[in-house]
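Number of protein chains: 2
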Amino acid sequence: MISFSEALDKILSEVRIYPSEIISLDQTLGRVLGEDITADRDYPPFHRSAMDGFALHSYDYTPNQIYPYHRELPAGMSMDLEPNEKAIRIMTGAPVPDGFDLVIKIEDATLTEFNGQKQVSFSLKEVKPWQNIAKQGEDVKNNQLVLPKGIQIGTSEFSLLASLGKDKVSVVKAPKVHIISTGNEVVPIHQSPLPFQIRDSNSYTITSILSKYKIQPESVTHVPDRDKELTEQIQKGLEADILILSGGVSMGSMDLVPSILLRLGVELLFHKTSIKPGKPIWFGKRKNTIVFGMPGNPFSVQTCSRIFLEPFLRKSHGQSQLPSYKLPYSTTKQKKGALTEFFPARLETTDKTYLTPLAFNGSGDIRAGIFSDGLAIFPSDLSQIQQGDMIEFLPW
Amino acid sequence: MISFSEALDKILSEVRIYPSEIISLDQTLGRVLGEDITADRDYPPFHRSAMDGFALHSYDYTPNQIYPYHRELPAGMSMDLEPNEKAIRIMTGAPVPDGFDLVIKIEDATLTEFNGQKQVSFSLKEVKPWQNIAKQGEDVKNNQLVLPKGIQIGTSEFSLLASLGKDKVSVVKAPKVHIISTGNEVVPIHQSPLPFQIRDSNSYTITSILSKYKIQPESVTHVPDRDKELTEQIQKGLEADILILSGGVSMGSMDLVPSILLRLGVELLFHKTSIKPGKPIWFGKRKNTIVFGMPGNPFSVQTCSRIFLEPFLRKSHGQSQLPSYKLPYSTTKQKKGALTEFFPARLETTDKTYLTPLAFNGSGDIRAGIFSDGLAIFPSDLSQIQQGDMIEFLPW
Numbered sequence: 001m002i003s004f005s006e007a008l009d010k011i012l013s014e015v016r017i018y019p020s021e022i023i024s025l026d027q028t029l030g031r032v033l034g035e036d037i038t039a040d041r042d043y044p045p046f047h048r049s050a051m052d053g054f055a056l057h058s059y060d061y062t063p064n065q066i067y068p069y070h071r072e073l074p075a076g077m078s079m080d081l082e083p084n085e086k087a088i089r090i091m092t093g094a095p096v097p098d099g100f101d102l103v104i105k106i107e108d109a110t111l112t113e114f115n116g117q118k119q120v121s122f123s124l125k126e127v128k129p130w131q132n133i134a135k136q137g138e139d140v141k142n143n144q145l146v147l148p149k150g151i152q153i154g155t156s157e158f159s160l161l162a163s164l165g166k167d168k169v170s171v172v173k174a175p176k177v178h179i180i181s182t183g184n185e186v187v188p189i190h191q192s193p194l195p196f197q198i199r200d201s202n203s204y205t206i207t208s209i210l211s212k213y214k215i216q217p218e219s220v221t222h223v224p225d226r227d228k229e230l231t232e233q234i235q236k237g238l239e240a241d242i243l244i245l246s247g248g249v250s251m252g253s254m255d256l257v258p259s260i261l262l263r264l265g266v267e268l269l270f271h272k273t274s275i276k277p278g279k280p281i282w283f284g285k286r287k288n289t290i291v292f293g294m295p296g297n298p299f300s301v302q303t304c305s306r307i308f309l310e311p312f313l314r315k316s317h318g319q320s321q322l323p324s325y326k327l328p329y330s331t332t333k334q335k336k337g338a339l340t341e342f343f344p345a346r347l348e349t350t351d352k353t354y355l356t357p358l359a360f361n362g363s364g365d366i367r368a369g370i371f372s373d374g375l376a377i378f379p380s381d382l383s384q385i386q387q388g389d390m391i392e393f394l395p396w
Numbered sequence: 001m002i003s004f005s006e007a008l009d010k011i012l013s014e015v016r017i018y019p020s021e022i023i024s025l026d027q028t029l030g031r032v033l034g035e036d037i038t039a040d041r042d043y044p045p046f047h048r049s050a051m052d053g054f055a056l057h058s059y060d061y062t063p064n065q066i067y068p069y070h071r072e073l074p075a076g077m078s079m080d081l082e083p084n085e086k087a088i089r090i091m092t093g094a095p096v097p098d099g100f101d102l103v104i105k106i107e108d109a110t111l112t113e114f115n116g117q118k119q120v121s122f123s124l125k126e127v128k129p130w131q132n133i134a135k136q137g138e139d140v141k142n143n144q145l146v147l148p149k150g151i152q153i154g155t156s157e158f159s160l161l162a163s164l165g166k167d168k169v170s171v172v173k174a175p176k177v178h179i180i181s182t183g184n185e186v187v188p189i190h191q192s193p194l195p196f197q198i199r200d201s202n203s204y205t206i207t208s209i210l211s212k213y214k215i216q217p218e219s220v221t222h223v224p225d226r227d228k229e230l231t232e233q234i235q236k237g238l239e240a241d242i243l244i245l246s247g248g249v250s251m252g253s254m255d256l257v258p259s260i261l262l263r264l265g266v267e268l269l270f271h272k273t274s275i276k277p278g279k280p281i282w283f284g285k286r287k288n289t290i291v292f293g294m295p296g297n298p299f300s301v302q303t304c305s306r307i308f309l310e311p312f313l314r315k316s317h318g319q320s321q322l323p324s325y326k327l328p329y330s331t332t333k334q335k336k337g338a339l340t341e342f343f344p345a346r347l348e349t350t351d352k353t354y355l356t357p358l359a360f361n362g363s364g365d366i367r368a369g370i371f372s373d374g375l376a377i378f379p380s381d382l383s384q385i386q387q388g389d390m391i392e393f394l395p396w
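Chains as they are written, first to last, in UniProt numbering: chain A, 1 to 396; chain B, 1 to 396.
Do not rely on the hints blindly, as some may be mistaken.
Claimed, not checked - List of simulated lysine-lysine pairs, PhoX-like, C-alpha gap at most 20 Å: (1) Lys-105(A) <-> Lys-336(B); (2) Lys-276(A) <-> Lys-335(A); (3) Lys-128(B) <-> Lys-336(A).
Note that these hints are calculated values from the structure, not bench results.
Given the sequences, and given the hints that come with them, work out the whole structure.
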């Protein structure tokens, strides 16, 4: 049986590159950039006053000197200086006129009037050239790369794209995904289950993970463990870029998925990896279609989605992988066996931030994962975690 | 000027409770539960076999004894034992028949046949009652509270609601939000700015934060700093539950927002708080309408949204607040002045996870925030952060 890292490597070496499409900026939140974004001009585009106050020239500055002034420059306008004009009132965001290199904020100014002439003086002992001015191009130069392809568009990136006037943006096209949940014991959620039946939650789990990447599955189907129906549905499912199955991959006599996949010409890349939960996972491909056969327990599907499906999607989108953190463990934990174990954990902060496990009854526990911030990893070669040990943590 | 925590307290004491609405489960991702969710039956609903293997009774177990068997129980069906039936083949997910209390996995079984009679034996020295069985109700008891009101629905909660058959769910109704960005220097993003103009990114920032809570603003408007237009638009905006303005709240002569708000009968709750960026923020109310007047710089809007708007929304939704973490700082940092400073930071992991600042040129820098994982807090009473100091961090 291959290890977790071998399984992940096999999945990541089957990455597919999806094409891009151009969409309206409004629709891009959560999508992945399909193009490098460069600046359309310098930012700031002009020497911008960072304060409400007075603009003048630093060589001209003397503490307590009286400067007559008569003009006021709001943001959104520009001004050429008049001959011998020594100071103007200026607003935050306005362009500092050529010939000035200093803004003194209004709180440091004393305003007076003499014979109808407005005047201002300042008590500051020292000033520096370009004080309170954001210089043209100091943030970004024209044509500079500001956002590389492969970045997921969150608040800051969305805001930056708006600043740059990118009302149309190239983003990675969502792959076509089909989801099939299997199992005779599983019924659709709007149906009343018999005492020995359960409802289909796995297609919801998978749909939810896909929605993090703004992928809407093309189809979501439940099929009982009957060869003919399952074969038909899997055949249809193989028309997608990614086919995700849950259930039917284990050791039972009703676990038909692996044999049907092989019969339909899907190449097996691995079956089983030494992890818990999720050990029976089946992974394969047929031409451009990638097939994830996940085990049927709800927490196995959550785990396989986070540790295998998401890394595959991110690499296929040209994204960097989700980070993993190393945080001190708040208690102790033991395990038997040599599997890499994943368990739900929460971040708790007192003097520092600790990783705290959440109780659950194994991969079939429908509550597993709730109230958690992500998955902690119990490495295969350890049998004990001590309080304070640095433990790897995968945030959801 | 009031402190950050005083400002936050004032905002949180003005919380509004929004009503609930019933929506289809498919639409609930990211929404906040408006009802307590209890279990509709025990989970597991029956004594569920956790393995593919054989079911028998533990008092009947002897190592290497031969058990004849003739029946197989897949998941999704149930069986009553026949008289003298000592073992059945059972699949993962199937209900263990009454009268049995043990499942031995197929890997530990030796299958033979004698005179056409199927038989099985096991070499395991010891077995325990209920081994490899998830007992009825061990995860959740019928009627037990499983998800409290106020929880945001993520992957695990979505999956759990499906398991419970909640195809209609009560969620907190989104408040009605109007967004107005102000500033003569600001133009809509599809318009070409003049050299001394910039594009409106703030309404995108605010829209993006609202989308984390699945709130679609009712209107998004840009208004120049002209009293008549601004008054008209603010008057309309005050029909919302929440009016969010950006720009026009500082010390400039064009900063018309505070005076217009007062003239329209909005009660000022505070103006300015000792933070950086975001110091000029204006906060008030008129009847049920809450007004956030945020400063105009892009990073100020990001910060005010994270530290003031989100806490307000979460409390109004009955949610717990976003966590803050305490993580070791990777370098050193100084500041002058007694403001509470917020700066973009990234989590970086080597032997453990550190907080690393990201360079930026102040609140007007359009790049501020990109590549960051959240905001680090430089406390007001400190002038220096040392490497290794535990620093508070607000994840986005």
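Comparing the hints with the structure gives:
no.	hint	result
1	Lys-105(A) <-> Lys-336(B)	17 Å, holds
2	Lys-276(A) <-> Lys-335(A)	11 Å, holds
3	Lys-128(B) <-> Lys-336(A)	17 Å, holds
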